[in-house]
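**Q** These protein sequences, in sequence, are chains W and Z.
Everything in the first sequence is counted per this note's numbering, starting at 1 for the first residue and increasing by one.
Everything in the second sequence is counted per this note's numbering, starting at 1001 for the first residue and increasing by one.
Treat the hints as calculated values from the structure; they're not laboratory data.
Virtual Cβ for every residue (Gly too), placed ideally from N, Cα, C.
Computed footprint of chain W on chain Z, listed as stretches where at least three residues anywhere in the stretch have a Cβ under 8 Å from a Cβ of chain W: (1) 1002 to 1015; (2) 1023 to 1033; (3) 1078 to 1090; (4) 1095 to 1108; (5) 1125 to 1133; (6) 1136 to 1144.
Derived list of chain W stretches under chain Z, where covered just means 3 residues or more per stretch with a C-beta under 8 Å from a C-beta of chain Z: (7) 17 to 31; (8) 83 to 89; (9) 143 to 153.
Protein chains: 2
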Amino acid sequence: MNEHQKFIEEAIKLARENVPSGKGGPFGALVVKNGEIVGRGVNQVTSNNDPTAHAEIMAIRDACQTLGSFQLKDCIIYASCEPCPMCLGAIYWARPKMIVFAAENTDAAKAGFDDSFIYKEICLPASQRTISSVNVKPDDFFSPFQTWTKSERKTPY
Amino acid sequence: MNEHQKFIEEAIKLARENVPSGKGGPFGALVVKNGEIVGRGVNQVTSNNDPTAHAEIMAIRDACQTLGSFQLKDCIIYASCEPCPMCLGAIYWARPKMIVFAAENTDAAKAGFDDSFIYKEICLPASQRTISSVNVKPDDFFSPFQTWTKSERKTPY
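Using the sequences and the hints, build the whole thing.
**A** Shown next, in the form of structure tokens:
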């Protein structure tokens, strides 16, 4: 069994075992660096009352604590299922080198977990999305960025 | 001053004050339900070592704790800046009724916070994205979903 297979099996096992645990949906993810697991996550949306608690998000947060970094340089994310747009966005911010996933979005959809609607919405211009988005721009709308630019205390990211 | 302006000013204030606090980038967000603030969030990426700790994600998580729910029914999200794809994905999962934002993505880009690359990437087919994505499908890849379908303990979401 090659390394990808070993870790993807582990992610699938996390996903499967998450159902009887009652924590949330059937999803698991791992973060691996240099052949070692540095973060684990399972879906905890319903048990944590947290719609952002998808497996990949939890695994990224866990790995970042382990590594003491807000970046996942040289890491691989293994996910039991293809990431949703939120998780894919998180993956881009975390900057691992690769994503390995098992079930495809279309497989998840067959089990009632369909994120194709959200992919479509995110790729539409804001004016055409179903959640209405209103731009309200007071005079000081740029002041946070001005404060940031002038600040000597900032950590760029 | 109308209600949208009052709350967007508050989100901008959170964003501005977050810079000298040293917590993270110049971003703030609120969740409002029936005219009351039920959640607040600021960017804490660098101080928490958490690439997912954007203001909107933090505000959604905070509001869900306040409301004891993983959904933000009838809520409005006020953000000092137009949401990035990760946060927009989180907003879709949380299902508020509206987003109100101040700075546009193009304003943020002028201050060095450019998410247009991530929007582009998410809307590409996986095979064309810069973070490579590999599908590894062992025989039991669908087993988490089978376990979910058969489970009597699940909370659908």
